[in-house]
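Chains as they are written, first to last, in this note's numbering: chain A, 1 to 517; chain B, 518 to 1048.
Everything labelled a hint here was simulated from the structure, so no lab data went into it.
Some hints could be false.
Partial pick of chain B residues on the chain A-facing surface, computed with a CB cut under 7 Å [to be verified]: (1) 598; (2) 615; (3) 706; (4) 708; (5) 771.
Being a predicted model, the structure only gives us computed values, none of them experimental.
Ideal Cβ placement from N, Cα and C applies to all residues, glycine included.
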Amino acid sequence: MIYVKLTVPWLLDIAGAAVLSWGLASGVGHVATQAPLLAPAALILGGACLRAISAFALDRHAVAAAQANSRERRRGLWTSLLGSRLSKPLSIGESTTLALDHTMAIENRDVRFSPVRLNAVIGPLVVAAIVAPASWVAALIMLATLLPFVLGSILAGTAARRASERQLAALAALSGLFVDRLTHLPLIRHFGAEARISRQVRDATHEVANRTVSVLRAAFLSNAVLEFFSALSIALVAVYCGFSLLGLLPFRAPETLTLVPAFFVLAMAPEFYLPMRRLAAAYHEKQLGEAAETALEPLRDALPASPLPANALPPFSGLRVADLTLAFPGISVGPLDFSLSRHDLVALTGPTGSGKTSTLAAIAGQVAPISGQICDLVGAPLVSSQIAWAAQRPLLLTGTLGENLALAAPDAPREEILAVADRVDLGPMLARRGGLDMAIDHGGSGLSGGERRRIGLARAILSGRPLLLCDEPTADLDTASAAAIVALLRDLSRRRCILVATHDPAMTAAARQEIAL
Amino acid sequence: MNASASAPSDNPLAIAGLPRRRLLFASLCAGFATVAAIGLLGVSGWFLTGAALAGSAGAITVAAFNYLIPSALIRLMAIVRTLARYGERLLSHKVALESMADLRGSLFDKLAAQDSRKAADSSPGEAASRLIDDVAALEDLVIREPARHAALVSAAVGLVAASLAGLPALLFLLAALGLLPLLFGRISAALTRAPAQQAAEALGDLRSRYIDLAASRAEITAYGLAERAFGELEPLARKLDRARSALFRAEALQGGLMTVYGALAMAGLLLLAAAPAPIVALAMLATAAAVEAMGGFARSLLRRASLHAGLDRIAAIIALDPMLSPQESAPPAVLGIGHHDFPARSRIALTGPSGSGKTRVLLALAGMRASTVPLTVAGTPVDQCTARRLSAQFVLAPQDAPLLIGTVADNLRLARPGVSEVEMWAALEVVQLKDRIARSEHGLATPIGEAGGILSGGERKRLSLARALLANRPWLLLDEPTEGLDGQTEAALVTALSTWLAQSDTGLVLVSHRPAPLVLCDSRIDVRALS
């Protein structure tokens, strides 16, 4: 559909080029015959205006189509990045790159490369067809250079593409190294290793630079093939037309040429290869767009989490984790074996990066483990509507505080929300800031870390789910607030099954059992 | 307009530390390519028109018409254009890539030479990736530099061709080319400034909101709130779409205007030319090429202006204090914590509840953060000690055990220059990792880091400890060294550490909430009593 919409502007563009070329040719003809020049000048301008209009129309169609695609893609991609089971945990940075930068790269490709590709197919043929009435031999010359050009660019282009794909990967790795070393500068300084690491960074960048140059040699060769044939077709057309006009062709003239048609043919000659040159200019966008598509590919299989209706569930009997093993880049956990009874409090401990959060996520069914079993004590698999999650930095959506507290239980009556808010000690804050109707913006509306943490806990309690997973409930809190949260969790564990990932010795001390990663 | 006259911070070559002559050959190639491109069309038009006139004038004129030189010239131009363009591309990329590799190295040196206590950056990772983008943008500018020179050559060639068509034609083209960057700058500013700003703002809003939501992924997934989250993002994305669409439209409009401007120049030249038809043909075709090249020049000026902020960031790093200072080594010093003085080889445990600042004391001694409690090294307050002097005394195994992307050996080698494999294995034995690494397929070359690390959290922690042991400094600072270990490994590690400390005459400052490592220490200090 989009191709039909784009064909018209492309034809208009070539028509504009033809009018402009005819204006040039007749201008030169009129100078030779000393005829008035206003009409050719008007043709030149008119042709240019047609081209300008076509450029504008092309842009409108291409942008509209690309953005419609983006909207479609965003819905699926963002909802699965933010709310489905993934094959491996994504850092926030990775998730953001996938969600924003990669969709933008694909959109840029759709705006800049995709429309030109259509033109590259129809453009040369239409130009040859327009040139043919003026000189069918010139049209044939153009088409004849196209064959070796296509062969040459397939040969040079394939090698260049492979090389440049490898190169993109090497560059990304180099950027990764550079970012890693800069991030760890305090450590590097502490070990007095600045000069050694600097040498390493220099060596790596120089090596990539040298490799890039040899890759580019191949890439530019395919460009040179394009340049050569485009120049060759102009030169051949010029020489053929010139000798034909002089009557000096070494063979019997197949057609009779005069100045104006001959000049028209020459002026149109660059148009023949123009679509391919436009294509080459947008090649970078194509590459980035395709790389982005490849990176997004694995997410297509991501399944949105679909909670079962609560009444279909067997009563929750406890949590059993058997032989659980996780292996993701940079994280390796397990095998883990432990179980929690129906009302329990257990701490999962380990240093940063040891996989505490990933273990919680695996239990919640948000990332896929390598092996192992997660079930309740009678061996039935857990379903997501049994599991509540209290985050280190709880989600706040635009709306009222009441809505935010009841995100997991939108139908909860107001009294119940108030009761739970009281239970997690949000009462004083509610009284101070206008109750449940207090407006929340995404910046957090000046809530403290402890208050946010309590909102997350209140939400989890309101959800009525029997298993509560808490990610670092006391991190970054002052001693008093941390102690209050610990007391609250201990109290809650008399009616719920709570698994806490924590760093905090006080939190660990309050737990019935510690599971160290 | 004139790059050499502007301030150094506007000149990308100056910022890159790239002498102009290194781009000389690339610029020459670009110039040749441009002249050949204009020449190919111009000479073709001239030859063709001349041939037509001669052909219609009869056999004698044809015999007198010199067709050998122009037709040879046309073929020559076709070849020169191809070769020169290839040379320009290759040389400009080569120079740009090499100079950027140098620049990355020297930027790294500048940043590395800063003091961690003063250069504390809230988000070093983000700053670093921005730096990558800035250097990439600068690289792009360097690559385009020869094309800028060629644009001026192209304008000059166009003017020479126009001068053949008479003074009015020459003056007209001169005015047209001179006005172009000015007009283009105005129009482009009017068309793009507002949408560009809106797009940047919308993208910033969208990004920060997305980051917020991505941080809450676990909750969104657990409670099935993905559609709600999408609902929060979509209006911001629509805003970005609108701004980007306005930007694309402005770009198309500018392209269209440039085409019309080129046509105006050709039409004007046609009307003003006072010359025979072949010369008019040559002048018109050369004019088209010259206007197009000047359009490219004007765009490159705008491009530079839009990269201003990035170039300034690079220039600011280059302007930082120079030079890495060499590593010092010093005899073991007396460590003062509060009112207590500890001779070398003391073993001190810092106690106090979590959040009381124990880790901060270790970071201050390691020269990574400013101190919050009174600390002295050989009688000098730590805040007055240079980072070098501190790192000659103390080595820290931090709580979060940061490891570099690379291999096990890369990380151990960080400790000091010239660590041998024998020493690495010895240190790994102390931290109870020897068997684990020896069993692994790649041994010391076992990869660490984002892509393909196989060590668990506890193992990474012990690797960081081994690295600290290898540094051979008078004082070892340990932050929760056995966190996450099972009892058996912990006991083995503590025993091995005790032996190692005695054999290497090393002092210890320990923070541990677990009781086992505390047996290493002979004195305890409560951090709360210090401040």
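Each hint tested on the structure:
no. : hint : in the structure
1   : 598  : holds (5 Å)
2   : 615  : holds (6 Å)
3   : 706  : violated (20 Å)
4   : 708  : violated (12 Å)
5   : 771  : violated (10 Å)
Hint violations for this structure: numbers 3, 4, 5, all remaining hints satisfied.
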